[in-house]
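Asks: The residues making up each chain are set out below.
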Amino acid sequence: MSTATQQPRVGTPRNYLNADYGWRSWLFTLDHKRIALLYMVSITFFFIIGGLFAVFMRIHLVEPQGALVQPETYNKLFTLHGVVMIFFFLIPSIPAVLGNFLVPLMCGARDLAFPRLNLLSWYIYVVGGLFTLYAAIAGGVDTGWTFYTPYSSTYSNTQVTAVAVGVFITGFSSILTGLNFIVTIHKMRAPGLTWFRMPLFLWAMYATSIIMTLGTPVLAITVFLLALEHLFHVGIFSPALGGDPLLFQHLFWFYSHPAVYIMILPSMGVVSEIIACFARKRIFGYKVVCFSSVAIAVLGFLVWGHHMFVTGQSVYAGLIFSLLSFLVAIPSAIKVFNWTSTLYKGSISYEAPMLYALGFIGLFTMGGLTGMFLASLATDVHLNGTYFIVAHFHYIMVGGAVMGYLGGIHFWWPKISGRKYPNGWAALAAAIIFIGFNLTFFPQFILGYLGMPRRYAFYPAEFQVLNVMSSAGATVLGVGYLIPLIYLIWSMRYGPIAEPNPWGAKGLEWQTASPPPTENFSEIPVVTEEAYAYSAEEEAQRV
Amino acid sequence: MRLLASMLLQGLPFQPDQASTIAPSVDHLYFFITVVTLFFSALIFSIIFYFMIKYRRRSPDERPQAIEGSLPLEILWTAIPTVIVAVIFVWSSSLYFRNSEAPLGSMEIFVTGKQWMWKAEHPEGQREINELHVPLGRQVKLTMTSEDVIHDFFVPAFRVKKDVLPGRYTSLWFEATKLGTFHLFCAQYCGAFHAGMIGSVIVMQPDEYEDWLAGGVPGAQAESMEVAGGRLFEQAGCATCHLQDGTGQGPSLLGMYGHLVHLSNGQTVAADDAYVRESILNPTTKIVNGYKPVMPSFQGQLSEEQILDLLAYLQTLGKVQGKQPEEGKK
Numbered sequence: 001m002s003t004a005t006q007q008p009r010v011g012t013p014r015n016y017l018n019a020d021y022g023w024r025s026w027l028f029t030l031d032h033k034r035i036a037l038l039y040m041v042s043i044t045f046f047f048i049i050g051g052l053f054a055v056f057m058r059i060h061l062v063e064p065q066g067a068l069v070q071p072e073t074y075n076k077l078f079t080l081h082g083v084v085m086i087f088f089f090l091i092p093s094i095p096a097v098l099g100n101f102l103v104p105l106m107c108g109a110r111d112l113a114f115p116r117l118n119l120l121s122w123y124i125y126v127v128g129g130l131f132t133l134y135a136a137i138a139g140g141v142d143t144g145w146t147f148y149t150p151y152s153s154t155y156s157n158t159q160v161t162a163v164a165v166g167v168f169i170t171g172f173s174s175i176l177t178g179l180n181f182i183v184t185i186h187k188m189r190a191p192g193l194t195w196f197r198m199p200l201f202l203w204a205m206y207a208t209s210i211i212m213t214l215g216t217p218v219l220a221i222t223v224f225l226l227a228l229e230h231l232f233h234v235g236i237f238s239p240a241l242g243g244d245p246l247l248f249q250h251l252f253w254f255y256s257h258p259a260v261y262i263m264i265l266p267s268m269g270v271v272s273e274i275i276a277c278f279a280r281k282r283i284f285g286y287k288v289v290c291f292s293s294v295a296i297a298v299l300g301f302l303v304w305g306h307h308m309f310v311t312g313q314s315v316y317a318g319l320i321f322s323l324l325s326f327l328v329a330i331p332s333a334i335k336v337f338n339w340t341s342t343l344y345k346g347s348i349s350y351e352a353p354m355l356y357a358l359g360f361i362g363l364f365t366m367g368g369l370t371g372m373f374l375a376s377l378a379t380d381v382h383l384n385g386t387y388f389i390v391a392h393f394h395y396i397m398v399g400g401a402v403m404g405y406l407g408g409i410h411f412w413w414p415k416i417s418g419r420k421y422p423n424g425w426a427a428l429a430a431a432i433i434f435i436g437f438n439l440t441f442f443p444q445f446i447l448g449y450l451g452m453p454r455r456y457a458f459y460p461a462e463f464q465v466l467n468v469m470s471s472a473g474a475t476v477l478g479v480g481y482l483i484p485l486i487y488l489i490w491s492m493r494y495g496p497i498a499e500p501n502p503w504g505a506k507g508l509e510w511q512t513a514s515p516p517p518t519e520n521f522s523e524i525p526v527v528t529e530e531a532y533a534y535s536a537e538e539e540a541q542r543v
Numbered sequence: 001m002r003l004l005a006s007m008l009l010q011g012l013p014f015q016p017d018q019a020s021t022i023a024p025s026v027d028h029l030y031f032f033i034t035v036v037t038l039f040f041s042a043l044i045f046s047i048i049f050y051f052m053i054k055y056r057r058r059s060p061d062e063r064p065q066a067i068e069g070s071l072p073l074e075i076l077w078t079a080i081p082t083v084i085v086a087v088i089f090v091w092s093s094s095l096y097f098r099n100s101e102a103p104l105g106s107m108e109i110f111v112t113g114k115q116w117m118w119k120a121e122h123p124e125g126q127r128e129i130n131e132l133h134v135p136l137g138r139q140v141k142l143t144m145t146s147e148d149v150i151h152d153f154f155v156p157a158f159r160v161k162k163d164v165l166p167g168r169y170t171s172l173w174f175e176a177t178k179l180g181t182f183h184l185f186c187a188q189y190c191g192a193f194h195a196g197m198i199g200s201v202i203v204m205q206p207d208e209y210e211d212w213l214a215g216g217v218p219g220a221q222a223e224s225m226e227v228a229g230g231r232l233f234e235q236a237g238c239a240t241c242h243l244q245d246g247t248g249q250g251p252s253l254l255g256m257y258g259h260l261v262h263l264s265n266g267q268t269v270a271a272d273d274a275y276v277r278e279s280i281l282n283p284t285t286k287i288v289n290g291y292k293p294v295m296p297s298f299q300g301q302l303s304e305e306q307i308l309d310l311l312a313y314l315q316t317l318g319k320v321q322g323k324q325p326e327e328g329k330k
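Protein chains in written order, with our numbering: chain A, 1 to 543; chain B, 1 to 330.
Since the hints were made in silico from the structure, they are not lab data. Where hints are given, some of them may not hold.
[Claimed, not checked] Using 35 angstroms as the maximum straight-line C-alpha spacing, the simulated DSBU-like pairs for lysine-lysine come out as follows:
1) K141/B / K319/B
2) K114/B / K141/B
3) K54/B / K287/A
4) K319/B / K178/B
5) K420/A / K345/A
6) K345/A / K141/B
7) K187/A / K287/A
8) K420/A / K287/A
9) K420/A / K54/B
Sequences and hints are given; from them, build the entire structure.
Replies: What follows is the structure in structure tokens.
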């Protein structure tokens, strides 16, 4: 690292970061890369807020009677943790940050199809976030992030309307981003970049965008109806007003189950890129992996009823939803097998992004397999509503999605910032996160099977040991998340300057400078090879 | 330290009590899925570790051969998970299906959930709060409703759980196989003291249960649900119109409950708990053929427990006449 320079070189080429200065150049930018950074800062802010709520929860649960706060406060903590993490961190995480940055670069385009719409979607996100923060400060909300009626619509006297408005507004940000990606991927691919030459990250973004544009309107309608009933007592969900108490759950999960795939599909795309690069291999069964993304996106819309096995819905509906839920497991399993096979006869190196990607496979495999307990009717009856559910979805949405997001940030950081981070620290953080995550959430599988219900502010003493273990693990996990925050910020000023393609990766984004110029490419590239052409023969052909 | 010591002494519990007839069968399935999970995790992780070591990069300019993929392998690893999930699906669904309806002849107990307590009423009239006494070795069906928000009746030791909904009846059943006291949890978040909406299920020997039923209430002998319902039938004015000989403004309710009812719109419905409840609260929704929609709604005038009492009374009326047509046919 003796070549590292700590100051910008004299005559640093113009790039998107130094093209212009001042707050106006950021807040009115139409550059997809700058908007990606606006999103990165905003979602990091919300991740810290959501994480703090979790810290308080885990401290509180160290003692059976509750160590920290009143039950009402605990209920607000887990609600805000869920709302902030899901709607303001996980859903926008990879699409709005990495997707915004990479979709045009990977397509060989100069920007997204609708740059103004892109900036608008960030502003919408911020306004939605401010509503939610207002609700948190003005007394909080205690319905759980699922807002089940009639508790939320009739009985809760917390800030339900403000949060519903916040979620409603933010939904439009998601819809606009998805729309922008779909149009960009359809219309703006560089010459020669056919559908089956696209990197798998683009396929994942495409599948995710479809879910965003089709699913989010249903969520918007649902929370709108909820606010309507909460404010004006229009009888939609509350039986006392003539409504149907389960209607809300059907509408809510029609979006919120596919939303899980909004969180996990992008991570799958990121992991495909990383594994191909660090094994120097084409992804095994490229087309199968493409289609499995689309299959997950489509099937994901047909499984919402598996959240409602114990609501008294018809036995036959239960059977069908169970069957469809098992079906959605198959494309997920296929992906894991294909990633594993990609390593076969590869040339594998273990830089930090690869460690995150391998960590993702481990945690996602565990999360996916434990999903079988919940797709299965007879076992779900026992496990539904317990800590088993909490553990399962954290394995997918935190173990999977956050690992994928961090892997992606580490992989493309040299491209985004033009700097390198210390690899040793990054590897250490990946290991700490992996260990801390398992220590936090594995005990919760056992807690759930033993029967401890979720969302309990205090609990019978027999569950204490496992809760203490979980809280101890959360401490490790918290440290693991802090480390990258520190060295990544450090690297922006002090990190060694990154070359255009530090990993020797394929893909159009690596063929331009690091960081890229505002217009991405001085000349629109022409694609003449398949994705992931890492082999010697393909290398030779190009020369 | 003390915590750690007690943990080591007692050993970590990895299985909840098995105290109902269905608990072992659910656990067998749980165990099977656990084995599948462990096997596939171990398989995938060992393959990954093996590849990670075997194919580690040995020189910086190493370029491996491209491998396109393999259709036979893709088919193989699509087929294997499909077969496994099919086995789990069939096993699990048949177990669920078998247990979805309470067996005929189950004794029935009525449960009402409200923020934040469980109220139970036995047909003999015995009432209790946050406790549920049941006899060992008898099939017990719970008919449940909520006075406010959605709750969920969960007894981990029995492996049973069902949401308790406002404005609707849900039911579950179990047969206890072990004497003792077991946790009863609310498993659907229901507001500030959700965590306090817990109680115990107390499994007793059948004769002790009979004693408990008979002697529980200090002072007066408990009034059975059907007697209370009959009294309510008079007090609330139901009897004014629903004359037993069928000459009243409303249909006679003899032989109604548990049988088919012909409606004015030509449809036929089964007169079950849900239908009777609806007819009390929203009488104009389904009109019995030949009658006018003149009955007032009792929405807000009867508590959930009073409606359950009325149901118990109407059930006995249903049995009275229900037998006669059959005997006539003989």
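Asks: All the hints need checking, so say for each whether the structure fits it.
Replies: Hints, one by one, checked against the model:
For the proposed pair K141/B and K319/B, the alpha carbon gap of about 19 angstroms is at most 35 angstroms, so the pair holds. Distance restraint check for K114/B and K141/B: the Cα-Cα separation of roughly 20 angstroms lies within the 35 angstroms cut-off, and the hinted pair is therefore satisfied. The suggested pairing of K54/B with K287/A holds, with an alpha-carbon distance near 27 angstroms, which does not exceed 35 angstroms. Distance restraint check for K319/B and K178/B: the Cα-Cα separation of roughly 33 angstroms lies within the 35 angstroms cut-off, and the hinted pair is therefore satisfied.
A threshold of 35 angstroms between alpha carbons decides the hint, and for K420/A with K345/A the separation of about 29 angstroms falls inside it, so the pair holds. Distance check on the hinted pair: K345/A and K141/B sit about 60 angstroms apart at the alpha-carbon level, beyond 35 angstroms; violated. With a CA separation close to 21 angstroms, the supplied pair K187/A and K287/A stays within the 35 angstroms bound. Our distance criterion of 35 angstroms between C-alpha atoms is met by K420/A and K287/A, whose separation comes to about 33 angstroms.
Between K420/A and K54/B the CA atoms are separated by roughly 28 angstroms; this keeps the pair inside 35 angstroms, and the hint holds.
Consistency with the previously given hints fails for number 6 only.
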